[in-house]
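Engineer: Once you have looked at the hints, place chains B, C and D with the ligands on chain A.
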Amino acid sequence: MEEISKEMLLWMYEMMVKIREHEERVAELFAQGKIPGFVHLYVGEEAVAVGVMANLRKEDYITSTHRGHGHYVAKGGDIKASMAELFGKKTGSGKGKGGSMHIADLDVGELGANGIVGGGIPHAVGAGLGIKLNGLDNVAVAFFGDGASNQQNFHEGINLASILKLPVVFVCENNQYQISLSYDKQQTIKSVAERGKAYGIPGVSVDGQDVLAVYEVAKEAIERARRGEGPTLIEAKTYRFRGHFEGDPQVYRSKEEVEWWKKNKDPIKLFEEKLLEKGIVTKEELDSIWEKVKKEIEEAIKFAEESPWPSKEEVLEDVFSTPTKGVLVWQW
Amino acid sequence: MEEISKEMLLWMYEMMVKIREHEERVAELFAQGKIPGFVHLYVGEEAVAVGVMANLRKEDYITSTHRGHGHYVAKGGDIKASMAELFGKKTGSGKGKGGSMHIADLDVGELGANGIVGGGIPHAVGAGLGIKLNGLDNVAVAFFGDGASNQQNFHEGINLASILKLPVVFVCENNQYQISLSYDKQQTIKSVAERGKAYGIPGVSVDGQDVLAVYEVAKEAIERARRGEGPTLIEAKTYRFRGHFEGDPQVYRSKEEVEWWKKNKDPIKLFEEKLLEKGIVTKEELDSIWEKVKKEIEEAIKFAEESPWPSKEEVLEDVFSTPTKGVLVWQW
Amino acid sequence: MAVVREITFAQALNEALDYEMSKDPKVVVMGEDVGVYGGIYGVTAGLYDKYGPERVIDTPIAESGFVGTGVGAAATGLLRPVVELMFIDFLGVTFDQIYNQAAKMRYMFGGKAKISMVLRTVCGAGFSAAAQHSQSLHAIFAHVPGLKVVMPSTPYDAKGLLISSIEDDDPVIFIEHKALYAVKGEVPEEPYSIPLGEADVKREGKDVTIVATAAMVHKSLEVAENLEKDGISVEVVDPRTIVPLDVDTIINSIKKTGKLVVVDEGYPRCGFATDVAALAVNKAFDSLKAPVKIVTPPATPVPFSPVLESEWIPSTEKIEKAVREIL
Amino acid sequence: MAVVREITFAQALNEALDYEMSKDPKVVVMGEDVGVYGGIYGVTAGLYDKYGPERVIDTPIAESGFVGTGVGAAATGLLRPVVELMFIDFLGVTFDQIYNQAAKMRYMFGGKAKISMVLRTVCGAGFSAAAQHSQSLHAIFAHVPGLKVVMPSTPYDAKGLLISSIEDDDPVIFIEHKALYAVKGEVPEEPYSIPLGEADVKREGKDVTIVATAAMVHKSLEVAENLEKDGISVEVVDPRTIVPLDVDTIINSIKKTGKLVVVDEGYPRCGFATDVAALAVNKAFDSLKAPVKIVTPPATPVPFSPVLESEWIPSTEKIEKAVREIL
Ligand SMILES: Cc1ncc(C[n+]2csc(CCOP(=O)(O)OP(=O)(O)O)c2C)c(N)n1
Ligand SMILES: Cc1ncc(C[n+]2csc(CCOP(=O)(O)OP(=O)(O)O)c2C)c(N)n1
Ligand SMILES: [Mg+2]
Ligand SMILES: [Mg+2]
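Line by line, the protein sequences are chains A, B, C and D. So the first sequence is residues 1 to 332, counted in our numbering. So the second sequence is residues 1 to 332, counted in our numbering. So the third sequence is residues 1 to 327, counted in our numbering. So the fourth sequence is residues 1 to 327, counted in our numbering.
Okay, chain A solo, but in the shape it has when bound:
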């Protein structure tokens, strides 16, 4: 912690708060029926996205998941555009065509959330290949869940990155559930990080509620990747404080379990305590961050609310990018 600049520490704090505030407000807006579809919130897992992203540049790439708002926010995605997208508005990052599961901001290297579990993993490998063949020193980070680590793209993607020695870091957010299936019923090993051995790459497990711990582990992996030494697999043990999606009855876990995590392992609270304890910041500084962030989120919501709906004709647009002779859209 000592070697990390105050500026960076505050950036981490602000980002975690921003994600938290974003998600809490999205939950409300969803409950009010203003946000349609499925939303999967990142509350409780903020330290993972933030600890990793603190090491990334704008030119670096990430691929995200159905639980992607946190990655988007921390990578510096435009939250007005994403909020409008959640509402299904024309000004949204996807012009209202994608929604929560398909938010992307290519301008900051956010290659997209994904509705298919594991689907984004090989995209990060592809970004890594592009980086390597273009002689750049950027990296690509693939985020995915514990559930995703049992899926084909985990296996095939990591192995490819390993043999091609690509600058890719694989970050498994082990929040201990795949919807209702707990981690111990998904795998007979103790940590997803053990799977690094299957691909001859380092595998590291870290406390995902401790943003500084995540930061350190990610820093090493990302620097290694930038030096051309190949991929690393990181498992961050974390926990989602809300249901799998909004509206989840959560029959598969006890209220006590959830409360225990909220009380003892809230990444923001833990970080706040540390910052105050070491005398790095004052309570007032932190409060003003909360204020600033709240304002930002409210502005994004206002933008979204006031934005126009897409017009019906737009349904036919954005399928292909190049003009082509012949029928692109079938019209009977």
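Mixed in with the good hints, there may be bad ones.
Unchecked claim - Straight line, CA to CA, 25 angstroms or less: simulated PhoX-like cross-link-like pairs of lysine-lysine:
(1) A/K6 / A/K219
(2) A/K165 / D/K50
(3) B/K190 / A/K190
(4) B/K90 / C/K114
(5) B/K292 / B/K34
(6) D/K318 / D/K206
(7) C/K283 / D/K289
(8) B/K312 / C/K255
(9) D/K289 / C/K255
(10) B/K292 / A/K197
(11) A/K269 / A/K302
What the hints assert, rightly or not - With beta-carbon atoms standing in for the labels, derived distance ranges:
(12) C/S287 / B/L136: 54 to 60 angstroms
(13) A/E306 / C/E190: 53 to 59 angstroms
(14) A/E313 / D/E317: 55 to 61 angstroms
(15) D/E317 / C/D230: 56 to 62 angstroms
(16) B/K294 / C/G77: 31 to 37 angstroms
(17) D/S22 / B/K295: 55 to 61 angstroms
(18) A/K294 / C/P53: 53 to 59 angstroms
(19) A/K302 / C/D230: 58 to 64 angstroms
Unchecked claim - Some chain B residues close to chain C (C-beta under 10 angstroms, calculated; not the full set):
(20) Y61
(21) M101
(22) G119
(23) A127
(24) L136
(25) I163
(26) Q250
The set of hints was computed from the structure by calculation and includes no laboratory data. In this text the structure is predicted, and so the values were computed from the model without any measurement. Cβ atoms here follow ideal geometry from the backbone N, Cα and C, with glycine treated the same way.
Structural biologist: Here is chains B, C and D with the ligands on its own, set in the frame of chain A:
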């Protein structure tokens, strides 16, 4: 070796010889244009199928690959039916509909070769599930190549077998090539067996040219499975003496490399030497096995050659098993 | 005289599963969240408590692995798996096990394998679930020989067809439209089966034939009712099974009305709608008195925004317009 | 005056790849055995020696992984990958990356992504390669919005269409029929491109239109030649690209002849043949003077035995019979 009965040792020898003879003759018949399509031969890898199958009962299941003749023969498949199938005859195991890549003999638990690399792995898991839920003490063995161990079904299938603790043994025939891609370019680890760690199951590497070594390793894994202790991953290091398929120009490896293996690591020669050295059999006994096997193979070929072709109408048969109202086959 | 109960489409499916599991110990249910959770749409509710974790298996996210497990288990004859693919949109991560393995094994093995497996899955738009959770991909399954493809539109059909599907010895893709789960209808308590390959004329008429599937059956019936007020008589044919297809019932209806509109929520190109249109122009050419009209979504992914999605899904307005154009 | 050379279909493709790689360093080739081996059909021969292992990448058997790698690399704009799927039959192990990722990304992201990627793959029966190595699955790709689908029939078209495909900013599925690789034809040495979405009338005629794809174009031309002897004039239209489809050229031909036969090696149900038939009965109904005939394989997997396979593949006899039936 001492604990293995002479009968069993001779069975192993005979099976290896039978596979060798089968494959050499198929190569000739293919070259003569009598066998159409793709054929992938098992010459050089005989000890793997035989060492494993020596531990199996008729009621146990196996799933095989595109390089499947050896598995079929060693599991006790009807070689008249398979030879006729290779010719595309009506009397074939698949009535001429499947050919080399789709030979099966369900009566002896041979659930089929497969044209899709890795495709059969989950079928063995399914057989294991059936065995377990029916309270049987049988096992299922999945055979596959080094190339297949990078494919999705390896990852997903083994993990499933591990968490459900199924009686399945996974046998990777690492013949060091995936068509032209050598093993060291497929993975950065030294042995596929290391991947057992990713699934919390034992992973064992064995010399696949030594039938007794394979036998011992397989015995332990299969007994473990029968006892309900779950799956094992075995890697047998082996080598294919012929091209990937018949007709392969083999630009990716040197003649010297192939010759070295044929000279120093022929599984039949090595076993023969051991048997003679220990005084377990005489040269005459072995010769008579060759004679017997040759006769059997020639009979199968004769059967195939003399068998009728399927009739054209048969193309429409065997799609569905139950009679159904409505159109099954579209006829314009 | 017993009054027939009304239950939902989801409950009807649940009854069929329960009946088959109680009758045949070989029937097992596998998939993501089918156990403790009871399925994310509640179709497998209660089965875990009744039949236990051995027969109601919660799987990791490994669709190729667990669908393939179903195929292997069926091939041995030791089990009759009912495997759930949470959304039809996920077929892409397990398609090989369906169309190259399950569908072809019997043929490749010369008729010696029976793949008695049902793959239950969920299709359909209307919930802002966007491009990867809203598709209707039945045409892809129907394209590949060796699969039976079932697509019920009512609770009654759902129960009878699921029972038939589980008892069938071939691989069946059983597709449930998510907009139908809450639809109620009369369903007998006792088990019954509806043969695969029998269309149902959901409404008789004489001026024009609408062939419609799943949720589109209801929209088409609504249109038919509306048009009746204007003296237009519409026949609505629900094929119920895409494979096998009851060609006779469809062709007979076209021969009667001389006019055909096909309404399907699948994509337009190489879809089920073009399939039926081709059937008409091949087998009922002389009876056809007008161009065949097709009402499907446009050839675009499913958009998220409710404004766009409701434009994307075939509407009663579009169906009515298509009918009127060929009157 | 330069005499135009004759080269094979495979060589024509190789020239297109070589040209694009020499021109644009972003173009890379990936797939199984594309490097040292030069591709199992020789299409990538020589590229490894010329461009090295960084740009001609031999991959492990991990189709979902490496197709997805291509998608990701394209999305960044850093590369323009040409990915080889050794047989179209293997689409099932990577389909999600194609139809849910590559095909939909641009739409889901509101037009902000360009997926400039070509997936080259091999289709077709005729070599006793059996059920999992002989399919023609173009209809599955065409069904899903967001993919362009190209299917050349001649060396000339192959070169021009592959150049266009690589230069196109959308995902293109480029399908090569294995029976065509050895076919020779005139191909200019210099690079040229053929726009996607332009059909080619391979033979003009006035009595009947045959729409045929890939290897079926050649069989149809043979039939047309035979029938000419009997004074029957057949027009053969090769769409060349399944998506986008040149509807105008097809419809204009049907309007001219009034009769349509569609010949396609894909499966019959929900296939490309039904697609064209539906187009005809929807857009050219008044011109149609006879039922539309469809010549495809039966709805069965591809059988292995040469005896069965030659019955399965549409033959010139069957095509001729179909034409004669509607004369
Ligand atoms: C291939 C695929 N299978 C299933 C699903 C349905 N699904 C969506 S999220 C999810 C659980 C994902 O678990 P995990 O990877 O641990 O991520 P988490 O939700 O816990 O963040 C499932 C099963 C899907 N979207 N894609
Ligand atoms: C999914 C899939 N990808 C590619 C192929 C083409 N192919 C057939 S065999 C083979 C190599 C297999 O290598 P390995 O698993 O090591 O088995 P071996 O041939 O060495 O016995 C390949 C790439 C295939 N049949 N299936
Ligand atoms: Mg999780
Ligand atoms: Mg190998």
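Engineer: Straight-line Cα separation of B/K292 and A/K197 no greater than 25 angstroms?
Structural biologist: Distance ~48 angstroms between B/K292 and A/K197 Cα, so the pair is violated.
Engineer: Would you check whether B/M101 satisfies its interface hint, that is, whether its CB is within less than 10 angstroms of any CB in chain C?
Structural biologist: Holds - the Cβ of B/M101 comes within 10 angstroms of chain C, reaching about 8 angstroms at its closest.
Engineer: At a threshold of 10 angstroms, is the proposed contact between B/L136 and chain C supported by beta-carbon distances?
Structural biologist: holds, 8 angstroms
Engineer: Could you see if the CB distance from A/K302 to C/D230 stays within 58 to 64 angstroms?
Structural biologist: violated, 48 angstroms
Engineer: Range hint 55 to 61 angstroms: satisfied by the CB atoms of A/E313 and D/E317?
Structural biologist: violated, 49 angstroms
Engineer: Would you check the hint for B/K312 and C/K255, treating anything up to 25 angstroms between C-alpha atoms as holding?
Structural biologist: Not satisfied, since the Cα-Cα distance of roughly 33 angstroms exceeds 25 angstroms.
Engineer: A range of 53 to 59 angstroms was offered for this pair. Does it hold for the Cβ distance of A/E306 and C/E190?
Structural biologist: holds, 57 angstroms
Engineer: May I ask you to test the interface hint for B/I163 with respect to chain C, counting a Cβ-Cβ separation under 10 angstroms as satisfied?
Structural biologist: holds, 7 angstroms
Engineer: Against the 25 angstroms threshold, does the CA-CA distance of B/K90 and C/K114 hold or violate the hint?
Structural biologist: OK: B/K90 and C/K114 at ~20 angstroms, within 25 angstroms.
Engineer: When you take the CB atoms of D/S22 and B/K295, is the distance between them in 55 to 61 angstroms?
Structural biologist: Check passed, 60 angstroms falls within 55 to 61 angstroms.
Engineer: Holds or violated: A/K269 with A/K302, Cα cutoff 25 angstroms?
Structural biologist: violated, 28 angstroms
Engineer: Quickly compare the C-alpha distance for A/K6 and A/K219 to 25 angstroms and report which way the hint goes.
Structural biologist: Within the cut-off at roughly 17 angstroms; holds.
The structure shown violates the earlier hints numbered 8, 10, 11, 14, 15, 18, 19, 26.
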